Amino acid sequence: MPPVIDKRKCQGCGLCALYCPLDVLEMRDGISNVRYPKECWHCGACRQDCAQGAVTIEFLPVMLSV
Amino acid sequence: MTGWFAGKTHRVSADVVIIGGGTAGLNAAMAAAQSGAKVLVVDKAHIMRSGAIAGGIDHFFAYMNTGPSWDTRETYLEFVSKVARGASNVRIHEKVYCDELSAALERMEKIGVTLKNKEGKYFRTQAIGQPGPIAINFNGKFLKPAMAKEVLRLGCKVLNRVQVTKLFVRDGQLVGFCGWDMRTGDFYEVQAKAIIIATGNTNRMFKSQTANPFNLWYCPANTGDLHTAAYEAGVELANVEYVRLTIVPKGFSAPGFNAFFGMGAKLVNSLGQQFMTNYHPAGDRAPRHMMVWGALQEVKNGRGPIYVDVRHLKQKELEHLFFTLGIDKDTLPDFLMAKGYNTEGAMIELTVSEPMQARPSELCGSGIKVDINCMSNIPGIFAAGDASDQMGCLHMCVTGGFAAGKSAAAYAATVSDYQLLDDKALVEERSRIFAPLIRKAGMSYGELETIIRIIATDHLVMKTEMSLTTGIKKLDHLDMYREQLKADNFHELMRCHEAMNIQSVAKILAHAALARKESRFGPYHHRADFPETRDEFCGLMVVRKNGDDVGTRFEPLTYN
Numbered sequence: 001m002p003p004v005i006d007k008r009k010c011q012g013c014g015l016c017a018l019y020c021p022l023d024v025l026e027m028r029d030g031i032s033n034v035r036y037p038k039e040c041w042h043c044g045a046c047r048q049d050c051a052q053g054a055v056t057i058e059f060l061p062v063m064l065s066v
Numbered sequence: 001m002t003g004w005f006a007g008k009t010h011r012v013s014a015d016v017v018i019i020g021g022g023t024a025g026l027n028a029a030m031a032a033a034q035s036g037a038k039v040l041v042v043d044k045a046h047i048m049r050s051g052a053i054a055g056g057i058d059h060f061f062a063y064m065n066t067g068p069s070w071d072t073r074e075t076y077l078e079f080v081s082k083v084a085r086g087a088s089n090v091r092i093h094e095k096v097y098c099d100e101l102s103a104a105l106e107r108m109e110k111i112g113v114t115l116k117n118k119e120g121k122y123f124r125t126q127a128i129g130q131p132g133p134i135a136i137n138f139n140g141k142f143l144k145p146a147m148a149k150e151v152l153r154l155g156c157k158v159l160n161r162v163q164v165t166k167l168f169v170r171d172g173q174l175v176g177f178c179g180w181d182m183r184t185g186d187f188y189e190v191q192a193k194a195i196i197i198a199t200g201n202t203n204r205m206f207k208s209q210t211a212n213p214f215n216l217w218y219c220p221a222n223t224g225d226l227h228t229a230a231y232e233a234g235v236e237l238a239n240v241e242y243v244r245l246t247i248v249p250k251g252f253s254a255p256g257f258n259a260f261f262g263m264g265a266k267l268v269n270s271l272g273q274q275f276m277t278n279y280h281p282a283g284d285r286a287p288r289h290m291m292v293w294g295a296l297q298e299v300k301n302g303r304g305p306i307y308v309d310v311r312h313l314k315q316k317e318l319e320h321l322f323f324t325l326g327i328d329k330d331t332l333p334d335f336l337m338a339k340g341y342n343t344e345g346a347m348i349e350l351t352v353s354e355p356m357q358a359r360p361s362e363l364c365g366s367g368i369k370v371d372i373n374c375m376s377n378i379p380g381i382f383a384a385g386d387a388s389d390q391m392g393c394l395h396m397c398v399t400g401g402f403a404a405g406k407s408a409a410a411y412a413a414t415v416s417d418y419q420l421l422d423d424k425a426l427v428e429e430r431s432r433i434f435a436p437l438i439r440k441a442g443m444s445y446g447e448l449e450t451i452i453r454i455i456a457t458d459h460l461v462m463k464t465e466m467s468l469t470t471g472i473k474k475l476d477h478l479d480m481y482r483e484q485l486k487a488d489n490f491h492e493l494m495r496c497h498e499a500m501n502i503q504s505v506a507k508i509l510a511h512a513a514l515a516r517k518e519s520r521f522g523p524y525h526h527r528a529d530f531p532e533t534r535d536e537f538c539g540l541m542v543v544r545k546n547g548d549d550v551g552t553r554f555e556p557l558t559y560n
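From first to last, the protein sequence lines are chains A and B.
Note that my numbering gives residue 9 to position 9 of the first sequence, counting from 1, and the numbers run on in steps of one.
Note that my numbering gives residue 396 to position 396 of the second sequence, counting from 1, and the numbers run on in steps of one.
I should point out that these hints are in silico values taken from the structure, not numbers from a laboratory.
Treat the numbers as computed from the prediction; the structure is a model and nothing was measured.
Please note: incorrect hints may appear among the correct ones.
With a straight-line Cα cutoff of 27 Å, these simulated DSSO-like cross-link-like pairs (lysine-lysine) come out [to be verified]:
(1) B/141 to B/118
(2) A/38 to B/440
(3) B/424 to A/38
(4) B/141 to A/7
(5) B/473 to B/545
(6) B/149 to B/118
(7) B/166 to B/473
(8) B/121 to B/316
(9) B/473 to A/38
(10) B/250 to A/38
(11) B/110 to B/121
(12) A/38 to B/207
(13) A/9 to B/157
(14) A/38 to B/339
(15) B/118 to B/314
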């Protein structure tokens with residue numbers, strides 16, 4: 001499910017959740033959490049804004065397999 | 001869930017309030033602030049990453065007077081008159097684009113986003129019916145945050161995560177509006193001398209290729225919130241009958257069309273044949289609506305799927321193509337790689353995208369009908385960018401947003417004082433906004449949206465009088481579910497209002513499409529009962545609320 005947060009790398013800066021245009025991300029227990037994965041637009045803003053490289057984008061099978 | 005009543009109430013005021021902090025909205029804010037106005041920007045997301053170019057943008061259309069005739073204002077306006085005929089008002093186009101263009105190009109450089117490439121040159125390509133290579137390819141990956149920082153530097157105030165739900169107009173003049181913060185539940189009562197609506201087009205109205213309504217070409221957060229609020233307040237809309245489509249990679253509705261065909265890629269059917277010259281003399285550089293028309297015909301006639309063939313491109317061209325695809329849509333190169341394509345050249349499978357309610361051309365808009373000063377029929381209410389009927393695409397959002405900001409600031413300077421908000425109306429609207437949170441049971445926003453999408457896809461894309469009238473009946477019938485919508489948290493509450501706004505715009509679209517008894521812009525407005533383009537419909541179908549009815553009137557446009 002896009003995006004995927006590497007919880008070991010996330011430092012909890014909160015920028016991804018602050019900026020996400022679809023309100024997909026939230027901060028939970030001090031780190032980023034993907035709350036609404038199905039509502040991701042795949043814009044890549046979270047990945048661009050993450051200084052820790054904690055965000056990867058994974059595409060759903062329905063996108064890759066059709 | 002803590003109760004909605006726990007939210008605070010804030011009353012704020014500003015000379016010029018911009019609703020929607022995307023490209024047009026932020027350029028409007030810059031202009032209004034530079035004119036000395038007290039400016040507030042209200043955005044449903046966060047201005048650093050909201051709107052259509054949240055993750056990047058790779059092209060800007062500009063004539064640059066370098067010598068050849070295709071690179072002049074005159075040829076550009078001929079192009080507008082030809083490609084956007086019946087939708088674009090050339091007089092407004094000159095004012096909001098041509099007169100603003102050189103300042104806009106300078107402004108982008110000034111805020112730190114150059115349109116030049118690493119060699120210090122403009123890399124220009126030609127596609128979508130353009131008279132020459134007028135599309136500048138540039139690295140706009142950080143254009144959005146750069147514009148947001150400039151707006152903050154100029155002292156504009158910003159309310160992020162606030163969804164505006166209602167405009168207040170008294171005696172034919174703007175009073176203000178209200179909205180709520182989808183992270184805190186706070187309620188905002190706003191007085192304004194002028195507002196600029198810059199909230200983009202309306203998405204999530206039609207079925208998407210992977211059945212996920214958020215896998216869209218354009219921003220899925222744009223749900224016609226202000227088209228609806230403006231319409232309810234008596235604002236006229238135009239160009240709303242159009243249903244826009246494009247051609248996208250199979251599996252991922254992402255932009256890239258302009259980049260592919262601008263670089264000389266070929267559109268082929270599954271027989272490996274280029275086909276576009278059968279539909280338009282410009283072939284693979286035809287206007288977008290004709291490319292979509294051609295693709296639809298090939299599939300309909302059993303020659304699908306369609307592909308973009310880039311195998312003939314040189315390695316350097318391919319490198320540029322994949323680079324620029326990733327500027328326009330940050331994650332598209334990752335997707336293509338994950339799907340097994342590579343930068344060595346490939347036949348990439350494409351499909352016709354989901355429809356969207358939007359402008360029929362890159363050279364106009366769809367929504368609030370604006371005059372030459374970007375003002376609507378209601379004094380004090382302005383519009384810019386894709387949310388207006390005359391602007392669209394990056395080039396016109398940067399130029400036209402600025403034009404709207406100047407006009408709105410000039411208008412606000414003539415208004416002596418703020419008007420009083422109606423307390424009773426505010427209480428009623430606040431109650432309406434939060435009602436889905438207090439229902440114990442009911443329909444989810446997702447269920448309502450799914451029904452809207454099925455109706456809209458079946459009735460509002462390829463149209464006849466019967467398809468539209470039955471579509472309207474079905475959409476009207478959905479009104480009964482509005483009182484049953486249920487939300488478990490603020491995020492779902494925002495989506496509930498979006499679903500209702502999508503339904504409202506779908507109805508408006510259907511009524512406008514019913515009144516346009518012709519076909520125009522290929523598949524963007526195709527009436528099987530009136531398949532020809534007719535001169536008497538060369539102009540705007542203007543829509544306005546008339547009691548409980550959707551009123552329409554026709555306004556002709558003239559071209560040289």
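Structure-based check of all given hints:
1. Distance restraint check for residue 141 of chain B and residue 118 of chain B: the Cα-Cα separation of roughly 15 Å lies within the 27 Å cut-off, and the hinted pair is therefore satisfied.
2. Simply put, residue 38 of chain A and residue 440 of chain B have alpha-carbon atoms about 25 Å apart, close enough for the 27 Å limit, and the pair holds.
3. Note on residue 424 of chain B and residue 38 of chain A: the hinted pairing is violated, with a Cα-Cα distance of about 39 Å set against a maximum of 27 Å.
4. At most 27 Å may separate the alpha-carbon atoms for a hinted pair to count; residue 141 of chain B and residue 7 of chain A meet this at roughly 26 Å.
5. In summary, the hint linking residue 473 of chain B to residue 545 of chain B is supported, as the alpha carbons are separated by about 17 Å, within the 27 Å threshold.
6. A C-alpha spacing of about 24 Å is found between residue 149 of chain B and residue 118 of chain B, which places the hinted pair at or below 27 Å, so the restraint holds.
7. Between residue 166 of chain B and residue 473 of chain B the CA atoms are separated by roughly 25 Å; this keeps the pair inside 27 Å, and the hint holds.
8. Our distance criterion of 27 Å between C-alpha atoms is met by residue 121 of chain B and residue 316 of chain B, whose separation comes to about 16 Å.
9. Between residue 473 of chain B and residue 38 of chain A, the direct Cα distance comes to roughly 31 Å. Violation of the 27 Å bound is thereby established for this hinted pair.
10. A C-alpha spacing of about 18 Å is found between residue 250 of chain B and residue 38 of chain A, which places the hinted pair at or below 27 Å, so the restraint holds.
11. The suggested pairing of residue 110 of chain B with residue 121 of chain B holds, with an alpha-carbon distance near 17 Å, which does not exceed 27 Å.
12. For the suggested pair residue 38 of chain A and residue 207 of chain B, the alpha carbons sit about 15 Å apart, so the restraint of at most 27 Å is met.
13. The straight-line distance between the Cα atoms of residue 9 of chain A and residue 157 of chain B is roughly 34 Å, outside the 27 Å bound, and the hint therefore fails.
14. As the CA atoms of residue 38 of chain A and residue 339 of chain B are separated by approximately 20 Å, the hinted pair is consistent with the 27 Å bound.
15. Annotation: proposed proximity of residue 118 of chain B to residue 314 of chain B holds, straight-line Cα distance about 19 Å (limit 27 Å).
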